[in-house]
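Undergrad: Read off the chains here:
2 protein chains.
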Amino acid sequence: MKLLLKNAGILAWADDGFRHIPEGYLGIDGDIIDYVGAERPAAPYDAEKDLRGKLLIPGLINCHCHAAMTLLRGVGSDLPLDRWLFEAMFPVEDRMKTDDFIAGNELAILEMLASGVTSFSDMYMEPQTLIELNEQVGMKVNLTRVVQAFDPTEPPERNFRIPESLALFDQFHGAQNGRVRVDFGVHAEYTINDAVTRYYADRIRPYRDRGARVQLHLSETKKEHEECIARHGMTPAAWFEAMGVFDLPAAAAHCVWCTPEDRAILKAHGVSPIHNPTSNLKLGSGFAPVPEMLEQGLNVALGTDGAASNNNLNMFEEMHLAAIAHNGRRLDAVLMPPAAVLRMATVNGARLQGRDDTGCLAVGMKADVVAVDMDRPHLYPAFEALPMLVYAAQASDVAMTMVDGRILYENGEYLTIDREKALYDAKKAVERLYGGK
Amino acid sequence: MKLLLKNAGILAWADDGFRHIPEGYLGIDGDIIDYVGAERPAAPYDAEKDLRGKLLIPGLINCHCHAAMTLLRGVGSDLPLDRWLFEAMFPVEDRMKTDDFIAGNELAILEMLASGVTSFSDMYMEPQTLIELNEQVGMKVNLTRVVQAFDPTEPPERNFRIPESLALFDQFHGAQNGRVRVDFGVHAEYTINDAVTRYYADRIRPYRDRGARVQLHLSETKKEHEECIARHGMTPAAWFEAMGVFDLPAAAAHCVWCTPEDRAILKAHGVSPIHNPTSNLKLGSGFAPVPEMLEQGLNVALGTDGAASNNNLNMFEEMHLAAIAHNGRRLDAVLMPPAAVLRMATVNGARLQGRDDTGCLAVGMKADVVAVDMDRPHLYPAFEALPMLVYAAQASDVAMTMVDGRILYENGEYLTIDREKALYDAKKAVERLYGGK
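Chains as they are written, first to last, in this note's numbering: chain L, 931 to 1367; chain Y, 931 to 1367.
Please keep in mind that the hints were generated in silico from the structure rather than gathered at the bench.
Any given hint might turn out to be false.
Pairs involving identical chains hold if they fit within one copy or between any two copies, as the list cannot separate such chains.
In silico lysine to any residue, SDA-like type, Cα no more than 20 Å apart, as pairs [unchecked claim]: (1) K1027 x R1128; (2) K1351 x P1085; (3) K1357 x D1305; (4) K932 x I1347; (5) K1152 x E1191; (6) K1153 x W1169; (7) K1358 x P1082; (8) K1153 x P974; (9) K1358 x D1081; (10) K979 x V1293; (11) K1152 x G1141; (12) K936 x E1171; (13) K1357 x R982; (14) K1351 x D1305; (15) K1351 x E1222; (16) K1357 x A1312; (17) K1351 x G983; (18) K979 x A1131; (19) K1357 x G983; (20) K1152 x A1142; (21) K1027 x E1361; (22) K1153 x P1221.
It should be emphasised that the depicted structure is a prediction, and the values quoted were computed from it without experimental measurement.
Take these sequences, add in the hints, and give me the full structure.
TA: If you want it as structure tokens, here you go:
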């Protein structure tokens, strides 16, 4: 099946940068983009889809998410960070069972598809529920069974999470035509110990050649960063390096308190930082040194974090914030170019996820395409499409979300997930978790 | 005509705070709210409107706007602040004529009505065009003909803007059943001189008893703040005080660089600061000391600034930013309570505008009501309505905007302005201003 998207604006990719085609054609053969250009392609297509007034952009990649935490949206939002985590989050998470994870994932997927996310990296419990759900949904997801260790006397061989993590990789990495990728995961320096981390790093190192990668949280808060120094005599980045975790390509969420030396460590090991501006600001964690990381040549990507600390999964908000917050902090109106921000949300995200075949609109890439409706009063005039997308467009302007050439969402309708069932499941889960509220 | 809004959540106002009614009734008699409560009112109503799943909030008040700058949206967004102003903004503004101001205002009104704004304060050229347009539209607007002085040798009596400013007040203040209020205006310290400012302050002082107020820009950038000190030996706030401008209640946009002493001056004179977080961050101006101003007891309100530096007129974005940016700057997750932010966008805005009869949902107030559709995946679960509104709701969730009991916008439809004509006018204006682009 060959499909031609026509008459749309296109943010194509050429010569390592975005190129705006004001009105053009994007051809798809199966799940692959086989044409991008201003002129109608010579080859015939089986079907054509008129997208006049829309702007085609690469699918957005949410690189740090705890999807099922949608069920904890807004819980304890009046508490300081520590109390929020221990008094509001953990007790609910403790009660969560398989059906709750399913429901939370469904709700997250409704939100992400409607806001142009085609791929996301997830770090949460019972990742199998997400794999199973995604069989039907058809998004791309990098997921992980994170390793933690709460009992310092427990020998590493007894940590049941490690074999689970390895088994998850063996069973599911590359599943669903490559849409599912399994990452290894260490939750954070403060929820594990040296022995378990070294042991785990040794176990996962051989998987490097099979394309394995790691997810972790890094220097999110000042407290975490400083307590690590007190505990280990080194920063979290230096500690992860010493433990051998960075022997695999890693994705490090937050990096708010990473020093220039930390950033050099990340650079040396090909670690991609993930910027989560809403969560970092809302929780009072601070401003990640994003312009500084980009200047150092790091592959910075973007994420929403969980809905509990955001309070949504809206990559347009993250792009907007990433584009303006650092200008304000550094008193420089042109510090964060919109193109760099869109790159973080697409190209860099794909690289972080280990997906070489997505992240931009070019011939030979997978057809992960989002159509943004630019024909709206708040987007007029739009002399330049890319700044308008980053500074003014809203998640609600997304008209279509396509993954691997298959339309998953269009004009308010979900084609691969039942909206009403998902909302019903979420309601039932909320009743279970919060007692009928 | 008595209208009963029923089955909606309501953020009512009681005992100097918001009170959430999960499902209730809001009665309107003409343009006045005559009932708010969880129980059905005993009195009969002529008509009922079922708003199940919606949350009723006070109309949002955008306290700093240059409405017609929608026509300059995104222009020169890759330039640093000074060059942006002199190379991108001024040359276009120089070409703007009456029809362009009309078109720019129409476009702004489309955007503001759709995002829940019922009242706004505007500072731009040819304010009469806005008054005339609003006759049909029916919003509330505080507008001003600002005074500037570019030739230091020109005697104050020759400044033609001063009599125009006074005449505008005499002719239109209180027009359209009070929906139009005329403010006096000084653009900023750096676009006027001592003699003209003193002269103008003397002229407007007698208007104080007629409810007159002042709009101005204050300490938006570090450069502006420091150059004022170099020029006058005092900060902009101290200078405005010395000139007598603060003898009237004033609304001071930005206040990014206001010192604690400046803030004491504002407090002493009842000056209301206006926080414009998107514009301040995007343009690299910095972070206004909002929590500090609130701690000092100042009446801080919210605004979007013009679309040229934003790039839209979305008060939901401003609320969201105001709620999280300062937490990040001060490393405190509970620094800016959502209730304080909503108050800035409603109650404080009404007070700033000199509108005692709007800004909250309570019996006896004008029926300026916005219905937000909370029945959306990205807003579920919503254990507490107010934090969800501030942290997660989007402008696109606005289902209805009502001013003085009259519905101006509902479910994508404009009832008092022709959307297609407005977009056509904007297109024609863009062609005139930018030569067919």
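Undergrad: Can you give me the call for K1153 and P1221, within, between, both or neither, at a CA distance of at most 20 Å?
TA: neither (23 Å within a copy, 23 Å between copies)
Undergrad: At 20 Å max between alpha carbons, let me know whether K1357 reaches A1312 within a copy, between copies, both or neither.
TA: between (40 Å within a copy, 11 Å between copies)
Undergrad: At most 20 Å between CA atoms: does that hold for K932 and I1347 within a copy, between copies, both, or neither?
TA: Intra 24 Å, inter 43 Å, cutoff 20 Å: neither.
Undergrad: Between copies, within a copy, both or neither: which fits K1027 and E1361 at Cα up to 20 Å?
TA: within (13 Å within a copy, 59 Å between copies)
Undergrad: 20 Å Cα cut-off: does K936 pair with E1171 within a copy, between copies, both or neither?
TA: neither (48 Å within a copy, 60 Å between copies)
Undergrad: Please work out whether the CA atoms of K1358 and D1081 approach to 20 Å or closer within one copy, between two copies, in both situations, or in neither?
TA: neither (34 Å within a copy, 70 Å between copies)
Undergrad: Can you tell me if K1358 and P1082 fall within 20 Å by alpha carbon in one copy, between copies, both or neither?
TA: neither (38 Å within a copy, 71 Å between copies)
Undergrad: Is it within, between, both or neither when you check K1357 against R982 at 20 Å Cα-Cα?
TA: between (38 Å within a copy, 17 Å between copies)
Undergrad: Between copies, within a copy, both or neither: which fits K1153 and P974 at Cα up to 20 Å?
TA: neither (60 Å within a copy, 59 Å between copies)
Undergrad: At most 20 Å between CA atoms: does that hold for K1351 and E1222 within a copy, between copies, both, or neither?
TA: neither (45 Å within a copy, 47 Å between copies)
Undergrad: If the cut is 20 Å between Cα atoms, do K979 and V1293 qualify within a copy, between copies, both or neither?
TA: Within one copy only: 18 Å inside a chain, 53 Å across chains, cut-off 20 Å.
Undergrad: For K1152 and A1142, with the copy left unspecified, which applies at a CA distance of at most 20 Å: within, between, both, or neither?
TA: Answer is neither; intra-copy 30 Å and inter-copy 48 Å both fail.
Going down the numbered hints, you'll see the structure goes against 1, 2, 4, 7, 8, 9, 11, 12, 15, 18, 20 and 22, while the others check out.
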